[in-house]
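Peer 1: Residue numbers (the numbering used here), protein chains in the order written: chain V, 1 to 350; chain C, 1 to 350; chain P, 1 to 350.
These are computed hints drawn from the structure, not numbers from a lab. For every residue, glycine included, the Cβ atom is placed at its ideal position computed from N, Cα and C. Among these hints, one or two may not hold up.
[As the list claims (entries may be wrong)] To be clear about the criterion: a stretch of chain P counts as covered by chain C if any three or more of its residues have a C-beta under 8 Å from a C-beta of chain C, and this derived list gives those stretches: (1) 27-38; (2) 215-229; (3) 272-283.
[As the list claims (entries may be wrong)] With a straight-line Cα cutoff of 30 Å, these simulated BS3-like cross-link-like pairs (lysine-lysine) come out: (4) P:LYS82 - V:LYS82; (5) C:LYS215 - C:LYS349; (6) V:LYS69 - P:LYS269; (7) P:LYS269 - C:LYS310; (8) C:LYS165 - C:LYS215; (9) P:LYS16 - C:LYS349; (10) V:LYS310 - V:LYS269; (11) C:LYS62 - P:LYS104; (12) C:LYS165 - C:LYS62; (13) C:LYS349 - P:LYS64; (14) V:LYS64 - P:LYS165; (15) P:LYS82 - P:LYS326; (16) V:LYS258 - V:LYS310; (17) P:LYS310 - V:LYS64; (18) C:LYS310 - V:LYS16; (19) C:LYS69 - V:LYS269; (20) P:LYS165 - C:LYS64; (21) C:LYS104 - V:LYS16; (22) V:LYS62 - C:LYS349; (23) V:LYS310 - C:LYS82; (24) V:LYS62 - C:LYS215; (25) C:LYS82 - C:LYS258; (26) P:LYS238 - V:LYS69; (27) P:LYS104 - P:LYS64; (28) P:LYS269 - P:LYS349; (29) C:LYS16 - C:LYS349; (30) V:LYS165 - P:LYS238; (31) V:LYS224 - V:LYS326; (32) C:LYS295 - C:LYS260; (33) P:LYS260 - P:LYS64; (34) C:LYS16 - C:LYS260; (35) V:LYS45 - P:LYS349; (36) V:LYS260 - V:LYS310; (37) P:LYS64 - P:LYS215; (38) C:LYS69 - P:LYS104; (39) P:LYS310 - V:LYS62; (40) P:LYS310 - V:LYS165.
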Amino acid sequence: QSNVTIYGIVDTGFIKKSGHDVEMGENVNNRLGFRGVEDLGSGMKATFELEHRFDLNNGTQKGKTAAGKDREFDGAANVGLKGDAWGAVRLGRVNELTTETIRKFDPFYQYGVGAMLEGNQRSPRIDNTIRYDSPNWSGFHFGASYSLGGNTDSESIDGYMVDVKDAGADNDGYGIMLGYDNGPLALVGNWSRLADSKDSSVWNLGAAYRFGPAKVELVYQQTKDKGWANGEQADWQKVGSWNNGRVVNEYQGVDELKEKQWLLGLEWKLGPGRLNASAQWMEVEASGGQHVSDKDIYKYAIGYTYDLSKRTAIYGNVAYTDYDDKEVAAVYGDTDDGTYGVQVGITHKF
Amino acid sequence: QSNVTIYGIVDTGFIKKSGHDVEMGENVNNRLGFRGVEDLGSGMKATFELEHRFDLNNGTQKGKTAAGKDREFDGAANVGLKGDAWGAVRLGRVNELTTETIRKFDPFYQYGVGAMLEGNQRSPRIDNTIRYDSPNWSGFHFGASYSLGGNTDSESIDGYMVDVKDAGADNDGYGIMLGYDNGPLALVGNWSRLADSKDSSVWNLGAAYRFGPAKVELVYQQTKDKGWANGEQADWQKVGSWNNGRVVNEYQGVDELKEKQWLLGLEWKLGPGRLNASAQWMEVEASGGQHVSDKDIYKYAIGYTYDLSKRTAIYGNVAYTDYDDKEVAAVYGDTDDGTYGVQVGITHKF
Amino acid sequence: QSNVTIYGIVDTGFIKKSGHDVEMGENVNNRLGFRGVEDLGSGMKATFELEHRFDLNNGTQKGKTAAGKDREFDGAANVGLKGDAWGAVRLGRVNELTTETIRKFDPFYQYGVGAMLEGNQRSPRIDNTIRYDSPNWSGFHFGASYSLGGNTDSESIDGYMVDVKDAGADNDGYGIMLGYDNGPLALVGNWSRLADSKDSSVWNLGAAYRFGPAKVELVYQQTKDKGWANGEQADWQKVGSWNNGRVVNEYQGVDELKEKQWLLGLEWKLGPGRLNASAQWMEVEASGGQHVSDKDIYKYAIGYTYDLSKRTAIYGNVAYTDYDDKEVAAVYGDTDDGTYGVQVGITHKF
């Protein structure tokens with residue numbers, strides 16, 4: 001028992017979005033985890049993490065593999081070794097470096113209605129990965145990861161990989177991160193490619209400056225999305241694909257989307273809580289197909305989190321997203337060219 | 001770790017029912033849960049519950065949403081706030097008030113072969129719910145709940161809600177409970193409507209009187225079942241529906257079943273355990289369709305639970321159910337117009 | 001909390017097998033479990049076990065019932081009573097006796113690339129079972145189990161049992177084990193029949209002798225496989241069955257496979273770890289169909305496990321399997337008549 005720590009987050013509330021009824025939904029992602037550290041002596045440790053992710057409102061698991069299997073431990077499933085001198089290596093399902101590090105520069109941490117626009121190549125956790133994290137040298141640190149793609153050996157090819165291979169979308173994944181965080185300044189830069197993504201890629205830069213109770217953040221991210229990620233084809237590229245009963249194949253025939261996005265953020269400790277605000281602009285360029293065009297997306301969000309204790313808070317967030325048209329809104333899961341979102345709720349950590 | 005309490009129940013044994021081979025099965029429902037309470041000061045607390053439900057005999061999860069997803073936490077998944085002065089509010093998946101409170105007036109607690117006849121609108125736990133429970137004032141207490149139905153906005157309608165909406169079965173859910181429990185007397189009254197149930201409803205009254213080692217209980221419950229509950233159509237109403245290889249569509253074309261039921265119960269502390277007994281009568285009225293008719297169901301059950309400790313017990317239960325005919329037996333999951341059930345087993349709480 | 005012990009194993013690494021890309025995979029099976037013991041007094045105890053099994057590399061559950069349900073607790077789900085004088089009885093999902101006891105005579109414990117050739121009737125855990133284990137009398141001990149098959153009552157037959165019954169494959173399961181383990185010598189003998197296996201059966205004998213840092217092991221096992229186990233038909237017998245995109249129905253029309261296998265094993269405490277090695281021979285006789293024939297399989301394996309602590313180890317294993325031809329290799333999940341396997345990885349227990 002003493003070898004295992006149980007931890008988690010429960011969060012829910014009410015969300016009203018354009019084109020949706022009032023629904024219950026989360027801000028911070030719900031989770032229940034088990035982790036432990038064993039001291040091996042000589043500055044060495046063994047570590048593990050196993051983390052359920054779920055929808056609190058109906059008790060269902062979150063996450064599914066490309067092969068269609070539910071993920072029991074969507075949040076983390078890994079074992080590793082850690083050395084004071086050389087850093088940490090983990091094997092299994094881990095946080096993806098690009099998402100893990102850049103979301104710290106979004107005041108909404110990529111959660112809830114106010115979240116940073118999520119590129120189509122975002123994958124917060126990745127499978128079949130070996131990940132290295134360096135120690136922290138006066139604020140400098142770096143990380144790297146390598147992910148195996150699905151098995152494509154013709155003698156034993158994984159069922160779902162037949163389509164992936166036919167589409168030329170089978171590739172291993174990579175990630176590299178360089179960071180600095182010391183005193184008032186934090187900086188990060190990432191480059192990554194998801195496994196079985198047809199060589200899609202993401203790179204980004206984040207910068208934050210703290211002064212008094214405030215923090216100002218700036219993010220630039222560029223995504224080259226070829227319509228595949230982790231062995232699954234994007235809805236926007238599928239022929240006659242459906243989302244909640246509506247056909248969303250307006251991008252049929254398009255080979256690649258290029259997303260360039262800027263985010264300016266503010267976190268401000270105000271009273272017994274924190275005011276968060278952000279302004280974003282994303283440019284989406286489609287190439288291939290009949291619908292080649294550039295589209296713009298603007299998003300503005302503001303919210304306040306009121307701390308009842310260190311572990312429990314209530315929050316309210318509001319956001320408005322201005323899409324060029326419904327066609328591009330559909331790619332990002334929205335139904336209207338002007339989409340608002342409002343949410344109130346409670347977060348409890350344990 | 002200190003923030004989380006792990007608890008649960010494991011129960012299994014052997015069950016022989018008419019029309020079935022001997023099978024392994026439970027009495028008290030199997031569960032493994034995680035819960036916690038955080039003291040926020042000033043008489044306020046934050047709470048959470050996450051509870052797996054499963055079949056002990058093969059290790060599989062129990063529960064599925066109308067959308068077909070397995071429930072990881074079928075038993076509970078909620079977060080809440082609690083005040084000494086004003087009661088408790090919980091958000092997420094919670095116990096349904098009508099089931100939670102009336103089952104206390106069934107000596108078999110609606111478990112196992114001796115259980116109270118379960119109306120077709122019974123749903124022990126409900127999703128997407130905000131539930132309030134009052135403090136206890138000298139035995140008086142009340143509760144209320146509000147449940148959101150599935151999303152039916154035409155822009156983003158949930159896949160499974162298309163059929164529900166076409167059937168006019170989309171509605172939000174409500175529940176209200178008034179209770180008194182003090183000294184020898186306990187009383188409860190409920191009214192509830194499940195979400196996406198075509199405005200079906202249930203109301204009931206329960207009364208119990210304790211004297212010496214015995215408790216006598218009386219329940220009246222009335223259910224108006226329009227063939228839908230929690231976004232799912234009842235088997236009895238489906239065209240050509242199947243249950244375990246047999247067509248059970250005798251009620252095809254029937255619009256509504258009205259169930260009126262009485263239960264008289266006895267719990268008697270006898271020796272190192274407890275004798276339980278009950279007698280029931282349910283009248284089922286079908287309206288609409290060609291098969292309009294009234295049917296009667298009588299059920300008699302007796303059992304003994306022998307306590308090995310406060311946490312562990314062995315039990316034996318016997319029940320006989322007399323249905324008017326096989327047609328109505330099928331609606332309640334039985335195959336014969338006279339159905340007996342016998343079970344022996346073990347329950348362990350942790 | 002004090003009533004529950006959390007335990008588990010996390011293990012992963014890299015595996016390269018003939019006909020497969022490099023993949024991440026386990027040696028010791030990954031698990032997360034909850035168990036407890038309650039002292040009932042007079043030498044009596046109540047016990048329970050609930051154990052998740054999963055793939056660490058993508059966080060998905062392992063195990064599926066014949067009815068197609070995922071197993072939340074694939075590793076164990078049972079409740080029991082234990083008496084100092086008379087032994088232990090458990091009910092639910094438990095370890096199958098034949099597998100549990102014979103794997104102790106395989107230096108690789110039937111894990112990873114070096115594992116003992118697993119007969120087609122191997123089922124490490126079984127459902128709907130009552131299992132008895134005797135106390136240990138100076139090294140002598142025995143066990144027995146009885147498993148209920150699926151429900152075949154014509155009034156309520158389980159959906160998946162229709163095919164099982166039509167094939168005449170419905171039967172209850174049995175197991176019996178006799179063992180001795182004292183001083184340098186360990187012996188075991190088993191006979192078992194899985195439920196719904198068309199009366200297939202397995203028997204085996206194991207012997208081990210310890211001297212100094214070494215242990216030498218010998219196993220003989222004979223399997224009569226009629227193409228069914230736990231209500232599921234074997235791939236080798238299915239008409240036009242597929243495995244990872246390849247038809248593997250070469251054994252179509254064959255009624256029964258008879259497997260006779262020998263294993264000679266060595267475990268040697270060498271330096272800070274353990275050297276494991278084994279040599280095996282299996283003879284497969286097919287009867288019925290056009291492809292009646294005898295096939296031979298030879299397998300050689302060697303590995304070293306280096307202990308970083310009592311709970312954490314790294315390992316490397318190599319094995320080579322020589323099949324008579326590809327046809328018989330397919331029955332055992334391999335693609336080549338000469339199949340090698342190499343793996344390195346890490347195991348952490350908690």
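Peer 1: Run every hint past the structure and note whether it holds.
Peer 2: Hint check:
For the region 27-38 of chain P, the stated coverage by chain C holds: 3 residues have a C-beta nearer than 8 Å to a C-beta of that chain, and at least 3 were required. With 0 residues having a beta carbon nearer than 8 Å to a beta carbon of chain C, the region 215-229 of chain P misses the requirement of three or more and the stated coverage is violated. Coverage of the region 272-283 of chain P by chain C is violated. Counting CB-CB distances below 8 Å, 0 residues qualify, and the rule asks for three or more. Between LYS82 of chain P and LYS82 of chain V the CA atoms are separated by roughly 41 Å; this puts the pair beyond 30 Å, and the hint is violated.
Only pairs whose Cα atoms come within 30 Å are accepted, and LYS215 of chain C paired with LYS349 of chain C is accepted, the gap being roughly 23 Å. A hinted pair counts as satisfied when its Cα atoms are at most 30 Å apart, and LYS69 of chain V with LYS269 of chain P does not qualify at roughly 40 Å. A hinted pair counts as satisfied when its Cα atoms are at most 30 Å apart, and LYS269 of chain P with LYS310 of chain C does not qualify at roughly 47 Å. Between LYS165 of chain C and LYS215 of chain C the alpha-carbon distance is near 45 Å, which puts this suggested pair outside the 30 Å criterion.
Under the criterion of a C-alpha separation no larger than 30 Å, the hint pairing LYS16 of chain P with LYS349 of chain C is inconsistent with the structure, at around 45 Å. Pair hint LYS310 of chain V plus LYS269 of chain V holds up; C-alpha atoms about 14 Å apart against a cutoff of 30 Å. With a C-alpha separation of about 34 Å, the suggested pairing of LYS62 of chain C with LYS104 of chain P is violated against the 30 Å cut-off. Proximity of LYS165 of chain C to LYS62 of chain C is assessed by CA-CA distance (about 27 Å); at most 30 Å being required, the pair is judged to hold.
Restraint check for LYS349 of chain C and LYS64 of chain P: the C-alpha separation of about 27 Å stays at or below 30 Å, so the hint holds. Annotation: proposed proximity of LYS64 of chain V to LYS165 of chain P is violated, straight-line Cα distance about 34 Å (limit 30 Å). A hinted pair counts as satisfied when its Cα atoms are at most 30 Å apart, and LYS82 of chain P with LYS326 of chain P does not qualify at roughly 48 Å. Between LYS258 of chain V and LYS310 of chain V the alpha-carbon distance is near 40 Å, which puts this suggested pair outside the 30 Å criterion.
This hinted pair does not check out: LYS310 of chain P and LYS64 of chain V have alpha carbons roughly 35 Å apart, beyond 30 Å. The suggested pairing of LYS310 of chain C with LYS16 of chain V is violated, with an alpha-carbon distance near 48 Å, which exceeds 30 Å. Pair hint LYS69 of chain C plus LYS269 of chain V does not hold up; C-alpha atoms about 40 Å apart against a cutoff of 30 Å. Restraint check: the Cα-Cα separation between LYS165 of chain P and LYS64 of chain C comes to about 28 Å, which is no more than 30 Å; the hinted pair holds.
Only pairs whose Cα atoms come within 30 Å are accepted, and LYS104 of chain C paired with LYS16 of chain V is rejected, the gap being roughly 38 Å. Note on LYS62 of chain V and LYS349 of chain C: the hinted pairing holds, with a Cα-Cα distance of about 29 Å set against a maximum of 30 Å. Note on LYS310 of chain V and LYS82 of chain C: the hinted pairing holds, with a Cα-Cα distance of about 17 Å set against a maximum of 30 Å. With a C-alpha separation of about 45 Å, the suggested pairing of LYS62 of chain V with LYS215 of chain C is violated against the 30 Å cut-off.
Simply put, LYS82 of chain C and LYS258 of chain C have alpha-carbon atoms about 38 Å apart, too far for the 30 Å limit, and the pair is violated. Pair hint LYS238 of chain P plus LYS69 of chain V holds up; C-alpha atoms about 24 Å apart against a cutoff of 30 Å. Note on LYS104 of chain P and LYS64 of chain P: the hinted pairing holds, with a Cα-Cα distance of about 25 Å set against a maximum of 30 Å. Restraint check for LYS269 of chain P and LYS349 of chain P: the C-alpha separation of about 20 Å stays at or below 30 Å, so the hint holds.
Between LYS16 of chain C and LYS349 of chain C the alpha-carbon distance is near 24 Å, which keeps this suggested pair within the 30 Å criterion. As the CA atoms of LYS165 of chain V and LYS238 of chain P are separated by approximately 28 Å, the hinted pair is consistent with the 30 Å bound. Note on LYS224 of chain V and LYS326 of chain V: the hinted pairing holds, with a Cα-Cα distance of about 21 Å set against a maximum of 30 Å. A C-alpha spacing of about 11 Å is found between LYS295 of chain C and LYS260 of chain C, which places the hinted pair at or below 30 Å, so the restraint holds.
Restraint check for LYS260 of chain P and LYS64 of chain P: the C-alpha separation of about 28 Å stays at or below 30 Å, so the hint holds. A distance of roughly 28 Å separates the Cα atoms of LYS16 of chain C and LYS260 of chain C; the hinted pair therefore holds under the 30 Å criterion. Restraint check: the Cα-Cα separation between LYS45 of chain V and LYS349 of chain P comes to about 13 Å, which is no more than 30 Å; the hinted pair holds. Restraint check for LYS260 of chain V and LYS310 of chain V: not satisfied, since their Cα atoms lie roughly 36 Å apart, outside the 30 Å limit.
Our distance criterion of 30 Å between C-alpha atoms is broken by LYS64 of chain P and LYS215 of chain P, whose separation comes to about 36 Å. Only pairs whose Cα atoms come within 30 Å are accepted, and LYS69 of chain C paired with LYS104 of chain P is rejected, the gap being roughly 39 Å. Between LYS310 of chain P and LYS62 of chain V the alpha-carbon distance is near 35 Å, which puts this suggested pair outside the 30 Å criterion. For the suggested pair LYS310 of chain P and LYS165 of chain V, the alpha carbons sit about 43 Å apart, so the restraint of at most 30 Å is broken.
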